[in-house]
Amino acid sequence: MATTMDRRRLLSTAVLGGAGIAGATALGSLAPEAAFAAEPVKIEPGAPDPNFAEGRVTSITGSVVLLAGSDGALHRIQVTNGTSIWKFQPTTFDRLEKGDGMYVRGVRLPDGTLAADSLWANIVNLTAHIASVGRNVLHLDHHGKRLIGHVVPGTTAAVYNGTPAISDVSLLKVGGHVQVIGAWHPDTNEISIATVYAAN
Amino acid sequence: MLQSLAALQSLLVGVVLIWSARIKLFDRRAAEQARTSALGTLLGAERAVPAYRVLGGAELLLGILLVLPPAPVAEPLAAAALAAGFVGYLGYARRVAPDASCGCLSAKATPVTGRSIARAGLLVLAGLVGIAAGGTYWLPALTGSPAASAGLLLAEAALVVAFSPEFDSYWLLPLRRLRARLTHPLRGGSGVPLLASVQQLQLSAAYRQVGTLLTSDVRDHWLEESWRMVCYSARYQGRAATAVFAVPAGEVAPDRVRVALVDDSTGATLVSLADPAYAT
Numbered sequence: 001m002a003t004t005m006d007r008r009r010l011l012s013t014a015v016l017g018g019a020g021i022a023g024a025t026a027l028g029s030l031a032p033e034a035a036f037a038a039e040p041v042k043i044e045p046g047a048p049d050p051n052f053a054e055g056r057v058t059s060i061t062g063s064v065v066l067l068a069g070s071d072g073a074l075h076r077i078q079v080t081n082g083t084s085i086w087k088f089q090p091t092t093f094d095r096l097e098k099g100d101g102m103y104v105r106g107v108r109l110p111d112g113t114l115a116a117d118s119l120w121a122n123i124v125n126l127t128a129h130i131a132s133v134g135r136n137v138l139h140l141d142h143h144g145k146r147l148i149g150h151v152v153p154g155t156t157a158a159v160y161n162g163t164p165a166i167s168d169v170s171l172l173k174v175g176g177h178v179q180v181i182g183a184w185h186p187d188t189n190e191i192s193i194a195t196v197y198a199a200n
Numbered sequence: 001m002l003q004s005l006a007a008l009q010s011l012l013v014g015v016v017l018i019w020s021a022r023i024k025l026f027d028r029r030a031a032e033q034a035r036t037s038a039l040g041t042l043l044g045a046e047r048a049v050p051a052y053r054v055l056g057g058a059e060l061l062l063g064i065l066l067v068l069p070p071a072p073v074a075e076p077l078a079a080a081a082l083a084a085g086f087v088g089y090l091g092y093a094r095r096v097a098p099d100a101s102c103g104c105l106s107a108k109a110t111p112v113t114g115r116s117i118a119r120a121g122l123l124v125l126a127g128l129v130g131i132a133a134g135g136t137y138w139l140p141a142l143t144g145s146p147a148a149s150a151g152l153l154l155a156e157a158a159l160v161v162a163f164s165p166e167f168d169s170y171w172l173l174p175l176r177r178l179r180a181r182l183t184h185p186l187r188g189g190s191g192v193p194l195l196a197s198v199q200q201l202q203l204s205a206a207y208r209q210v211g212t213l214l215t216s217d218v219r220d221h222w223l224e225e226s227w228r229m230v231c232y233s234a235r236y237q238g239r240a241a242t243a244v245f246a247v248p249a250g251e252v253a254p255d256r257v258r259v260a261l262v263d264d265s266t267g268a269t270l271v272s273l274a275d276p277a278y279a280t
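As they're listed, the protein sequences go chains Y and G.
Per full-length UniProt numbering, residue 1 is the first one in the first sequence, and the count goes up by one each step.
Per full-length UniProt numbering, residue 1 is the first one in the second sequence, and the count goes up by one each step.
Hints should not be assumed to be uniformly reliable.
Chain G is nowhere near these chain Y residues, computed Cβ spacing over 10 Å in every case [what the hints assert, rightly or not]:
1) SER63
2) ASP71
3) TYR160
4) GLN179
Anything over 12 Å on all C-beta distances counts as not near chain G; from chain Y, calculated [said to hold, decoys possible]:
5) ARG56
6) ALA68
7) ILE85
8) ASP94
9) GLU97
10) PRO110
Facing chain Y, a subset of chain G residues (Cβ under 7 Å, in silico) [stated by the list, open to error]:
11) ARG176
12) LEU214
13) THR215
14) PRO254
15) ARG258
No lab work stands behind these hints: they were computed from the structure.
Glycine is no exception: its CB is placed at the ideal position from the N, C-alpha and C atoms.
Based on the provided sequences and hints, a complete structural model is requested.
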């Protein structure tokens with residue numbers, strides 16, 4: 001915990017301290033040509049992206065996660081200090097559990113292991129309509145199937161009509177259509193809602 | 001008394017059948033949906049529409065026979081048999097094509113649920129009770145004791161509507177909306193969500209500058225006075241680094257977003273960017 005605080009202080013000082021402030025063009029041109037000049041990723045058409053993996057966690061050993069992909073493929077995922085881990089919100093490696101479903105993006109190492117850059121556990125993206133609401137709960141009708149979406153005050157964000165995200169979800173309407181980004185509770189029909197997009 | 005109440009069942013079943021036939025025969029959207037309904041899955045898309053129409057015709061014929069005099073016992077018997085057929089079809093469809101629409105009482109696509117099966121069961125029951133009328137027509141029963149008859153018919157019609165997911169938008173959703181308006185079950189969200197800060201930093205010049213160096217999604221975030229700090233992993237000149245953004249927490253001002261790249265192994269600041277107009 002102390003090291004987390006020390007590290008946060010170091011980073012805050014680096015960005016707010018004012019030392020070494022450079023102009024907005026210190027890293028080169030702001031023109032779009034420069035941004036698009038990066039080497040495109042070379043993937044054969046139709047071939048699976050080698051730098052991506054998905055599946056359910058079958059075991060976690062040290063910093064290596066084994067995934068059973070939905071197509072039957074097995075993946076070895078190496079998590080590093082630089083890996084971003086999302087499980088309903090940015091979190092840490094120790095929060096991952098056996099049975100979590102996940103999407104991983106990273107770099108494929110020569111031995112077939114995927115060195116993870118970003119890892120999203122249990123993330124779901126679905127369109128539904130709100131069948132009814134309860135105390136911090138949305139009952140969602142997802143193409144005829146009922147889902148329970150938990151609203152977590154302070155973490156759940158709502159985006160209405162594409163305007164900046166806010167924490168107030170009370171503008172959602174029963175019967176309205178929504179798109180939900182959330183974290184599935186494995187092997188249930190329940191999710192925690194990270195972001196809900198709605199027209200209002 | 002019981003006999004006259006039984007006679008009323010023919011009216012109820014007849015009206016429900018005529019309503020159902022009206023959708024099947026005259027609603028163009030419903031016919032289109034028959035292809036994708038459970039019927040389409042069971043019979044094939046080409047045969048589904050003719051079968052749907054034939055079924056509608058049979059319903060219309062039986063419905064009219066039930067509503068008009070005379071009232072032989074064969075009519076409620078046939079209605080009970082047809083409704084029993086529906087129960088069987090719905091049960092089968094639910095097992096074989098659980099996601100398909102039932103195509104029952106409305107053009108609205110509604111998957112087969114326990115409620116639609118209960119509704120068909122209710123019609124079976126009404127048909128069977130109707131047999132007990134022993135050939136009595138419903139009109140004399142209605143005029144004989146109008147209050148009891150109207151009450152029974154209204155109660156049964158309410159049951160049919162309650163068992164019909166197709167009609168939910170007319171009564172159930174408004175009720176739920178009213179409840180939400182009175183109890184405010186979703187109140188209580190406050191503060192600036194992380195997504196608002198991420199949206200803001202993605203609009204900033206600082207992000208455009210370092211965006212191609214980032215390798216990960218958000219790794220860590222915290223509040224520091226009036227700023228929200230958001231960290232990503234980055235690679236800069238071959239070195240593993242952390243890109244830390246400072247985003248104004250209380251206002252929308254992408255111009256004020258700052259970023260610093262900090263070397264992960266040494267802790268040295270590699271680059272620090274801010275719009276000169278806001279640099280302090």
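Tested hints:
1. The claim that Y/SER63 is not at the interface with chain G holds, since no C-beta of that chain comes within 10 Å of its own (minimum 15 Å).
2. Non-interface call for Y/ASP71 relative to chain G: holds, since the shortest CB-CB distance, roughly 22 Å, exceeds 10 Å.
3. Annotated as non-interface, Y/TYR160 keeps its C-beta farther than 10 Å from every C-beta of chain G; the closest such distance is 12 Å.
4. Annotated as non-interface, Y/GLN179 keeps its C-beta farther than 10 Å from every C-beta of chain G; the closest such distance is 13 Å.
5. With a cut of 12 Å on Cβ distances, Y/ARG56 stays outside the contact zone with chain G, its closest approach being about 20 Å.
6. For Y/ALA68, the shortest C-beta to C-beta distance to chain G comes to about 23 Å, beyond the 12 Å cut-off, and the non-interface label holds.
7. Separation of Y/ILE85 from chain G is inadequate, the least Cβ-Cβ distance of about 8 Å not exceeding the 12 Å criterion.
8. The claim that Y/ASP94 is not at the interface with chain G holds, since no C-beta of that chain comes within 12 Å of its own (minimum 14 Å).
9. Listed as outside the interface, Y/GLU97 is consistent with that label: its C-beta sits roughly 19 Å from the nearest C-beta of chain G, beyond the 12 Å cut-off.
10. Once the 12 Å rule is applied to beta carbons, Y/PRO110 is consistent with being away from chain G; the minimum gap is 19 Å.
11. The restraint placing G/ARG176 at the interface with chain Y holds, with a minimum CB-CB distance near 5 Å, inside the 7 Å limit.
12. Of the supplied interface hints, the one on G/LEU214 is violated, with its beta-carbon coming no nearer than about 9 Å to a beta-carbon of chain Y, more than 7 Å.
13. Using the Cβ-Cβ criterion of 7 Å, the hint placing G/THR215 at the interface with chain Y is satisfied: the shortest such distance is roughly 5 Å.
14. With its C-beta approaching chain Y no nearer than about 11 Å, G/PRO254 sits outside the 7 Å limit, and its interface hint is violated.
15. Below 7 Å, beta-carbon pairs count as interface contacts, and G/ARG258 has one with chain Y at about 5 Å; its hint therefore holds.
Checked against the numbered hints listed earlier, the structure breaks hints 7, 12, 14; every other hint is satisfied.
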